[in-house]
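**Q** The chain contents come next:
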Amino acid sequence: MTDSYLIRGARPLGGDPTDLLLRDGRVVEIGPGLSAADATVVDADGLIALPGLVDLHTHLREPGREDAETVATGAAAAALGGFTAVHAMANTDPVADTAGVVEQVWNLGREAGRCDVHPVGAVTVGLHGERLAELGAMADSTARVRVFSDDGKCVSDAVLMRRALEYVKAFDGVVAQHAQEPRLTEGAQMNEGELSGVLGLRGWPAVAEEAIIARDVLLAGHVGSRLHVCHLSTAGSVEIVRWAKQKGWDVTAEVTPHHLLLTDELATTYDPIYKVNPPLRTAADVEAVRAGLADGTIDAVATDHAPHPVEDKECEWAAAAFGMLGLETALSIAQHTMVDTGRLGWADLADRMSVRPARIGRVEGQGRPLATGEPANLVLYDPSTTRVVDATESASLSRNTPYAGRELPGRVVATFLRGRPTVLDGKTA
Amino acid sequence: MDRHLLSAGDLSRDDAASVLDTAEEMRALADRPIKKLPTLRGRTVVNLFFEDSTRTRISFEVAAKRLSADTINFTAKGSSLSKGESLKDTALTLQAIGADAVVVRHHDSGAPHRLAHAGWIDGSVVNAGDGTHEHPTQALLDAFTMRRHLGDLKGRRIVIVGDVLHSRVARSNALLLSTLGAEVTLVGPPTLLPVGVESWPVEIRYELDQALAKCDAVMMLRVQKERMNASYFPSAREYARRYGLDARRMALLPEHAVVLHPGPMNRGMEITADVADAARSLIVEQVTNGVAIRMAVLYLLLSGAPVPSSATAGEFGPESPPESAETRHQSDPTAEEVAS
Numbered sequence: 082m083t084d085s086y087l088i089r090g091a092r093p094l095g096g097d098p099t100d101l102l103l104r105d106g107r108v109v110e111i112g113p114g115l116s117a118a119d120a121t122v123v124d125a126d127g128l129i130a131l132p133g134l135v136d137l138h139t140h141l142r143e144p145g146r147e148d149a150e151t152v153a154t155g156a157a158a159a160a161l162g163g164f165t166a167v168h169a170m171a172n173t174d175p176v177a178d179t180a181g182v183v184e185q186v187w188n189l190g191r192e193a194g195r196c197d198v199h200p201v202g203a204v205t206v207g208l209h210g211e212r213l214a215e216l217g218a219m220a221d222s223t224a225r226v227r228v229f230s231d232d233g234k235c236v237s238d239a240v241l242m243r244r245a246l247e248y249v250k251a252f253d254g255v256v257a258q259h260a261q262e263p264r265l266t267e268g269a270q271m272n273e274g275e276l277s278g279v280l281g282l283r284g285w286p287a288v289a290e291e292a293i294i295a296r297d298v299l300l301a302g303h304v305g306s307r308l309h310v311c312h313l314s315t316a317g318s319v320e321i322v323r324w325a326k327q328k329g330w331d332v333t334a335e336v337t338p339h340h341l342l343l344t345d346e347l348a349t350t351y352d353p354i355y356k357v358n359p360p361l362r363t364a365a366d367v368e369a370v371r372a373g374l375a376d377g378t379i380d381a382v383a384t385d386h387a388p389h390p391v392e393d394k395e396c397e398w399a400a401a402a403f404g405m406l407g408l409e410t411a412l413s414i415a416q417h418t419m420v421d422t423g424r425l426g427w428a429d430l431a432d433r434m435s436v437r438p439a440r441i442g443r444v445e446g447q448g449r450p451l452a453t454g455e456p457a458n459l460v461l462y463d464p465s466t467t468r469v470v471d472a473t474e475s476a477s478l479s480r481n482t483p484y485a486g487r488e489l490p491g492r493v494v495a496t497f498l499r500g501r502p503t504v505l506d507g508k509t510a
Numbered sequence: 642m643d644r645h646l647l648s649a650g651d652l653s654r655d656d657a658a659s660v661l662d663t664a665e666e667m668r669a670l671a672d673r674p675i676k677k678l679p680t681l682r683g684r685t686v687v688n689l690f691f692e693d694s695t696r697t698r699i700s701f702e703v704a705a706k707r708l709s710a711d712t713i714n715f716t717a718k719g720s721s722l723s724k725g726e727s728l729k730d731t732a733l734t735l736q737a738i739g740a741d742a743v744v745v746r747h748h749d750s751g752a753p754h755r756l757a758h759a760g761w762i763d764g765s766v767v768n769a770g771d772g773t774h775e776h777p778t779q780a781l782l783d784a785f786t787m788r789r790h791l792g793d794l795k796g797r798r799i800v801i802v803g804d805v806l807h808s809r810v811a812r813s814n815a816l817l818l819s820t821l822g823a824e825v826t827l828v829g830p831p832t833l834l835p836v837g838v839e840s841w842p843v844e845i846r847y848e849l850d851q852a853l854a855k856c857d858a859v860m861m862l863r864v865q866k867e868r869m870n871a872s873y874f875p876s877a878r879e880y881a882r883r884y885g886l887d888a889r890r891m892a893l894l895p896e897h898a899v900v901l902h903p904g905p906m907n908r909g910m911e912i913t914a915d916v917a918d919a920a921r922s923l924i925v926e927q928v929t930n931g932v933a934i935r936m937a938v939l940y941l942l943l944s945g946a947p948v949p950s951s952a953t954a955g956e957f958g959p960e961s962p963p964e965s966a967e968t969r970h971q972s973d974p975t976a977e978e979v980a981s
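So the protein lines, in turn, are chains X and V.
Its first residue numbered 82, the first sequence is counted upward by one per residue in the working numbering.
Its first residue numbered 642, the second sequence is counted upward by one per residue in the working numbering.
In case anyone wonders, no lab produced these hints; they're calculated from the structure.
DSBU-like cross-link-like pairs, simulated, lysine-lysine; straight-line CA separation at most 35 angstroms: (1) V/K866 <-> X/K234; (2) X/K234 <-> V/K729; (3) V/K677 <-> V/K706.
Whenever a hint applies, use it, and build me the whole structure from the sequences.
**A** As structure tokens, then:
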């Protein structure tokens, strides 16, 4: 047994085939025709090598809803999807609003060992939107929290949002806002538009997202803080973020794989597998978020992986939970919507799914170049194959994937976390 | 006709005509001393009501009984539904019992659609009103009622007034009436018209008086109490003034025009008492016609064939199963009465 791996014939960022030697957690040599007698050889002929993916937005449900997902199962699903680091959202039970809870999640991630699990801290106590949680304590804890979010709920109070943006500057943190004006979205079920009127489902208007993003970028500009916009979903939101970036404000944004692919037409089935927050939008919005991701207005693809038990989706639309799985299909969806369409090259995709998310989350040792001396976090991916998604095969405890039965391109063959395989031959190693 | 009736939009012009024609035959039955047919003997119709409803539930129950079906009522109160049983488990129970048709009223839009398409049950599903989505049998009985008074609805001008946003009756009517060739105008305050309504096959107006002068029928929608405190309009009084049908507005209608309301009414709000009780108001007749329409729908869904319009007294009876193609071809559900 060795801790050395010799990857043969991989194409870093889709470039020319070469060999990579991983040893002691680092990439120690890159070049054609390498040999190392003590190393385990991994045949990567034709596979693309990318830096390990980093997810800014994952729901791992532990503590509290271990029937839907645990840190261990979620991290396993992440590794199978090519991720070497994920950010675990704070809406657990208890809420991750204290140093104690974030350290627990951090430790669970370390024990699982499948990928780095970075807890996101709640902005407000209990996600109630009333007073700030102890952000500094979470930042100073062993979990070293840098991303703060009330995800699932919007920090709608303008003063509280301003204070949070200012306060996290002390430790280079970022506030990741779930942009949803609460009064405009009471009881909302799907995108407000032609279809919501016909289907009789209460509308979630684009303006409810855009109004909060507009306010927040202005606040971030005013106080000179870092703002990250979670799961942006509308054409108008892309425009606002583009404008804020032109102003030179420190604003970043993410889009989910499902908002890159799926539209509100799917609500006509009344099947809540397609119920998600923010809701699936129109084809014009899908086009706008793809364009925004291509030109860099949107910095990152983030999964918003949201596991739910079967009974929370096998029911009436309005009774169902919001959210869908995403970790194991994210790279395939990104290939399908961005690479296969010619909008992004593999290097750009690595930028949006690894480099920039790592930078936004201030995650050390992730999102690094595939170069000698760097930490050996990488994924080997076969873009030439296709597969039909089978929900029952997921490593997640939940089955709520909207892609079941769909043919998607690509397959993660291997994932390495600091030189050790977490996935080999497409299976958990 | 499809196996289910979920949306008025699923009905082709021929389907709709077939329901209305069959209902005409069923309606004739109501005037006979013995109002029962053997058509659905041995079939089980379940009324699954998750939401309070008096007239619709009773209407479906009477319709099923007049067709000799066995009926079972599941209502939210006093059943497993009030104990939080899921829609799926309820459906599996009904499947195990052997329900041939499930008539479902539900507070959530799309619940009948889920019931029909999730693979939980094999029987036919009839939407008896789902959330703010649709109420197709109400639209059919409205069309039936108007047709009896106005003749063919092609080219007829129908004005629907009020809370279109939350109205399943308005959605189903807009779809069915335009299928039947009528010209539909929706009138209401902009707050109570859904986003995207301009893509519906209707005309939109915010002002009522002008719409009334040339219309053949006006249908007033119920305005629910909870809308009054949600800023959809400033006050009940202002709503009644701008969108209520009172004697002055009724006088603007052409001589032949009729007034409908799906009930239950808020007298004094969307309709005044003198209009509700006027000769041209068809509100009570709508209820009578509701039974005939629901008989027609259950008959067509469960026996699977329209009644040929040329059919006269046939050999339809208890010994002739409705599934038989030959029987179906010459069957006339009203041809033979059976003592109960």
